[in-house]
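Peer 1: Protein sequence lines, in the order shown, are assigned to chains A and B. The numbering used here applies: residue 1 is where the first sequence begins, and numbers increase by one. The numbering used here applies: residue 179 is where the second sequence begins, and numbers increase by one.
It is possible that some hints are incorrect.
[To be verified] So these bits of chain B aren't anywhere near chain A, every CB distance computed over 10 Å: (1) V197; (2) M210; (3) A215; (4) S262; (5) I280; (6) Y325.
[Stated by the list, open to error] Only some residues are given here: those of chain A computed to face chain B with a beta carbon under 10 Å: (7) P64; (8) C79; (9) T105; (10) V109; (11) K169.
Rather than coming from a laboratory, the hints here were simulated on the basis of the structure. For glycine and all other residues, C-beta sits at the position ideal for the given N, C-alpha and C.
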Amino acid sequence: MNMTYNTIKLRITNYHEVSLWDKLLLAILIALAFTLVISSLALAQDSFPTDDDVNKIAKQLYCPVCESTPLDVCPTEACRQWREVIRTMLADGKSEAEIKQHFATQYGVRVLNVPPNPWLTYFVPGVAILIGALMLMRGFQMWKKPLVAESVSDKDEAEPVQQDEYIQKMEAELRKRK
Amino acid sequence: MTEYTPQRRGVPLWAQIIVWVFLVALLVIVAMGLRRAQQGTVQPGQKIDNFTLTLFSGYEYEGKTEVTMNELRGKIVVINFWASWCKPCEQEAAELQEAWEIYEPTGEVVFIGADYVDTEPEARVYLKKFGITFPNGPDLATKISQYFRIKGVPETYFIDRDGVLQYVQVGPFTSLGQFQSIIDPLINQ
Numbered sequence: 001m002n003m004t005y006n007t008i009k010l011r012i013t014n015y016h017e018v019s020l021w022d023k024l025l026l027a028i029l030i031a032l033a034f035t036l037v038i039s040s041l042a043l044a045q046d047s048f049p050t051d052d053d054v055n056k057i058a059k060q061l062y063c064p065v066c067e068s069t070p071l072d073v074c075p076t077e078a079c080r081q082w083r084e085v086i087r088t089m090l091a092d093g094k095s096e097a098e099i100k101q102h103f104a105t106q107y108g109v110r111v112l113n114v115p116p117n118p119w120l121t122y123f124v125p126g127v128a129i130l131i132g133a134l135m136l137m138r139g140f141q142m143w144k145k146p147l148v149a150e151s152v153s154d155k156d157e158a159e160p161v162q163q164d165e166y167i168q169k170m171e172a173e174l175r176k177r178k
Numbered sequence: 179m180t181e182y183t184p185q186r187r188g189v190p191l192w193a194q195i196i197v198w199v200f201l202v203a204l205l206v207i208v209a210m211g212l213r214r215a216q217q218g219t220v221q222p223g224q225k226i227d228n229f230t231l232t233l234f235s236g237y238e239y240e241g242k243t244e245v246t247m248n249e250l251r252g253k254i255v256v257i258n259f260w261a262s263w264c265k266p267c268e269q270e271a272a273e274l275q276e277a278w279e280i281y282e283p284t285g286e287v288v289f290i291g292a293d294y295v296d297t298e299p300e301a302r303v304y305l306k307k308f309g310i311t312f313p314n315g316p317d318l319a320t321k322i323s324q325y326f327r328i329k330g331v332p333e334t335y336f337i338d339r340d341g342v343l344q345y346v347q348v349g350p351f352t353s354l355g356q357f358q359s360i361i362d363p364l365i366n367q
């Protein structure tokens, strides 16, 4: 009888000890699982492109149908479809450059807000404008200061003016007629 | 006596030539742009140059993934510009397919669908929705639509056996009879 009591007591004691450990372990496991779920959800949310991610690229593209309307603010059904294409490509891990290249290939370079060769596009008109401005400046200077300051008579005394042969002949001819 | 002579310092000739060349080139570009804007679509009577249309998988032409205008010489070609986002295109889609089913067995007429600024998944949904089976593909970089100078979708171009444009339909067809009234005379030519 005594032995039986001791066995039961031992079992009860063991039961209590194991139960505490189990509870602790269970609590840790639950906490870990919860953390895993939360972090995986957060990761999934991070990898799924948000509207901001899509619009960041969409604002660099123009609607090919309704001209002069950036894709991020374009309200048409077609633009909505193109924004979804951007979202899908971002989710597939495509870079911004790859997405823009895809749009240029599909719909032409006119959809890009910056031309493919901006250096040439901006440089040539810039140089043309600069040259034109210099020419105008030179022209205005000539109009403002057409006179020269040297007196012909003084110059004649000083040294003979080098004249064009044709003009010399012409003047000689005129002198004869006088 | 004091006499003044104008000083002979001007803009060098080479610089003047450059400026004039720039100016003339600019005017030519502006004039060409204005002319193009006023031209409208390609007009009937014009010979259509060669172009290549890449085709969607499942919508190939004789098993080929590309179709060129040159290989279609000798046949009447109907080029239809459409888009999945275009509501008026839906009005004519069924008639277009019906017409294709009538003329395909003759082997004399080829229908080509050029999908204008569209996305492939939506285009496929549209094609499936209307049961379209004739060759279709995206107008990549809008090269073909720019060549035809389309003003919108839908637009349909009818080209005769010699590659000469015969008729342009701007906007949707409303009946099968409309197709027949254009295609039949071309077949009988």
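Peer 1: Now, for every hint given, state plainly whether the structure supports it.
Peer 2: Now the hints, each set against the structure:
1. V197: The assertion about V197 (chain B) is violated, with a minimum of 5 Å to chain A.
2. M210: holds (17 Å)
3. A215: holds (12 Å)
4. S262: violated (8 Å)
5. I280: Nearest chain A Cβ is 31 Å from I280 (chain B), so the label holds.
6. Y325: holds (12 Å)
7. P64: holds (4 Å)
8. C79: Hint holds; C79 (chain A) Cβ to chain B Cβ min 9 Å, cut 10 Å.
9. T105: holds (6 Å)
10. V109: Where the cut-off is 10 Å and the nearest Cβ of chain B is about 8 Å from V109 (chain A), the hint holds.
11. K169: violated (19 Å)
Hint violations for this structure: numbers 1, 4, 11, all remaining hints satisfied.
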